[in-house]
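*Asks:* If you read the sequences in order, they're chains A and B.
Position 117, counted from 1, in the first sequence is what this note's numbering calls 117; the numbers after and before it change by one each time, with no gaps.
Position 544, counted from 1, in the second sequence is what this note's numbering calls 1544; the numbers after and before it change by one each time, with no gaps.
Rather than coming from a laboratory, the hints here were simulated on the basis of the structure.
All residues carry an ideal CB built from backbone N, CA and C; glycine is no exception.
Worth double-checking, as some hints may not be accurate.
Unchecked claim - Facing chain A, according to a computed beta carbon distance under 10 Å, are these residues of chain B, among others: (1) Glu1007; (2) Lys1008; (3) Leu1010; (4) Leu1011; (5) Glu1023; (6) Ile1027; (7) Asp1257; (8) Tyr1304; (9) Gly1442.
As the list claims (entries may be wrong) - Computed list of chain B residues with no C-beta within reach of chain A, every gap over 10 Å: (10) Tyr1019; (11) Glu1262; (12) Glu1293; (13) Asn1492; (14) Glu1521.
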Amino acid sequence: MKSVRIWFKKDGATRYISHLDLNRVMTRALQHSRLPIWHTEGFNPHPFLTFALPLSLGFRGVRECMDIKLTEDNICEKEIIDKLNASLPVGIRIFKVTDPIMKAGKITYAKFHMKMTCDTITLEELFFLFRNLFARETIEIEKKNKKGVVKTLDLKPDIGEYTLEKTNNDVTLEIILSAGSVQNVNPTLLIAILEKENNIEINYDITRMDLYNEEMKAFV
Amino acid sequence: MINKEVEKLLLKVQKPGRYVGGEMNSIVKDKNKVNLRFAFCFPDTYEVGMSHLGMKILYSLFNSFEDIWCERVFAPWVDMEALMRQNHIPLFALESGDPISEFDFIGFTLQYELSFTNILNMLQLGNIPVKSKDRTELKNIVCAGGPCACNPEPIADFIDLFFIGEGEEVDLEVMDLYRQCKKNNETKQEFLIKASQIKGVYVPSLYEVTYNEDYTIKAITPLHNAPPKVEKRLMTNMDKSYYPENFVVPMIEIVHDRAMEEIFRGCIRGCRFCQAGFLYRPVREKSVEVINEQCHTLCNNTGYDEVSLSSLSSSDYTQIGGLLTQLNEWAKEEQVSISLPSLRVDGFDDEIISKIKTVRKSGLTFAPEAGTQRMRDVINKNVREDELMQTCSKAFNNGWTKVKLYFMIGLPTETDEDVQGIAELGQKVINTFYSCENRPKGKAVSVTLSTSSFVPKPFTPFQWEPQDSEESLKAKQKLIKESIHSRKITYNYHDSSTSFLEAVFARGDRRLCKVMELALEKGFHFDGWGECFSLEKWLKLFKECGIDPHFYANRKRSFDEVLAWEHLDYGVSKEFLIKECKKAYASQTTENCRQKCSNCGANKWKVGVCFEKRKNMV
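Whole structure, please, built from the sequences with the hints as guidance.
*Replies:* If you want it as structure tokens, here you go:
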């Protein structure tokens, strides 16, 4: 038995399927590929798979990964890539298979590339809204917990390095945010703050670029 | 291909995966390299439409021709529809993202009467004039087929042509004719007149309907040489009939997400309420070898780990045991499970149970349809109470504790005793549980009784019957509730108001077209969905049009009345249906097709069960 980490990108139509749907798509692809996949041994056996960190619906992912277990050790990377790609919708492409080195629990940060536009204000105005947002001492949001109690959260400590620029077509933001099982910040929270405060609707196109551990080393 | 304008809306709606295509096995062609584009429209959501077998068959069949590109179109859910209207985005097909106005054919499948409003709404969303006569050019031919095409009169003004019966051959013949007419620069009218000469094609504009003073139909007169009776088409050899080797595999969760294999068409039983049982006669089976191969291919090509054997009554397949044995030879090893969705009470035997996945051990569902033997004889269900109890015992002894039973209320000749019989049957099943020695210990039994309201349908022996009134149906629901004395019995019932509208459309005539048009104007859609349906609004609409809906739903017709579907012919003779109706009133049953031929008329095709050797004949 051998654990392997399957690296893939998620784009095109598959951007619009949820994490749960992705799980189903991958399960079926594993079944279809006829690779020697290890199945769980419970009452209802199914291919074992686990994702490093769920990707929000609508986001593109360029370095996503999941772990599976193979029952045979001598299968080459190319065979796995080819067989799985032949079993997947075109929006999902496997590009690499590696040994799992870090544990998914070590993920602490994620980098996002965000392109934003707004139909009601200029790009310039949108740019300044973001610039001012980042200049605040605290960036507060209200969040309901499971019991329905509204709590105020400060996002400021969760924001890492970022670059903000206005291009010809959009406002582009590249940002590192807390991610993982302990503290996870969805980049759309930043957008939601500005939408609410200014009563505007912001169109966005977000790509998750990479995941990092505590020391900002890329997840491998 | 996702259109840029559509993309902007996707993050603002529920389940955007419905609108993006891009699934494995979906077919993308170069539109410049095909000479006919067919938009296959399912007038409901993606999740419902993608579960439909007929669409899968025709999608693959059409696309197997290099010069035809068939794409899928579904009704956008209300949130998406609102945004599309707001942003002036026309209804589009999933594969190319192109608006449906770019297609040669816009074909709808008619599975359910309450989806009629969605058809008009989809045309409007696609910027297609909804009335057939307002579409004058030879393009955007709006056609429709499927079970509800057996009485398509309520939508006759909107559809250019209907396919009567099974579509595999006739659809292609009509497409060929279209290409010829296009080449010869012929008009749409010339095309339609020629199309009406193809067997199985009904062009409503070529029939004139006149009415008597009491609004019953006086005559249906064919024009331009159209046939006085349009005869249905059917596939005579199921083994040689086209079947897809591949399904589009959806990425989002749909209603029935698995491989499906059709094992036969038609049904031997002849239950008198069941339209499908008469429309698809005669029974035509696929051979074990062909089914086995098609199942295996489908599972290999799709990655599905479940295949369901689909038909109107799967345990009636003549070699069901042998088939399951053969399937299990590879299915076990490849971790594929087999399911049989429509099991009859008398088809649940040990051999079958051991070889299928009967929806896990969570629950079993059977449809006795009526509570007393008399009532079951009237509808020719031919299931005896002791058979039901035997089957339940088997299930309980094998570890099941939940049983769901389906019934109909409002059946012809029904009395209070029959209605109470439903509750009593539930109690008897509970008693059976406690008399089973091997029942699961320490677990409580649960019986769910579920009733729907009977809707009389065309081409059945009950096509002349009035639907029970709403008050009476509500009283019967109440009676069942009051007759249940055990907390182990749960009672559910379908809302009778949707059944009422269903009954109006099922046997409606062309006078309803103006109601449909007004419904479109008022923004009616998704009537089959509780979120959208309002009987009150419909009643107001009927009133505005000066039409009494009860005329269609609750009126008893005489055997000699000209019915709205008189000019369509599904091969089952009217004399036979009259005979069956009379037998129903006398509580007499009719043997199934394998026991004895009842001379319904379907043997004129000289295929299927009509020519099988009967055991008692040897």
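*Asks:* Determine for every hint whether it applies to the structure shown.
*Replies:* So, going through the hints one by one against the coordinates:
no. : hint    : result
1   : Glu1007 : holds, 9 Å
2   : Lys1008 : holds, 6 Å
3   : Leu1010 : holds, 6 Å
4   : Leu1011 : holds, 5 Å
5   : Glu1023 : holds, 6 Å
6   : Ile1027 : violated, 12 Å
7   : Asp1257 : holds, 8 Å
8   : Tyr1304 : holds, 7 Å
9   : Gly1442 : violated, 19 Å
10  : Tyr1019 : violated, 8 Å
11  : Glu1262 : holds, 22 Å
12  : Glu1293 : holds, 18 Å
13  : Asn1492 : holds, 27 Å
14  : Glu1521 : holds, 30 Å
Comparing the model with each earlier hint shows violations of hints 6, 9 and 10; every other hint is respected.
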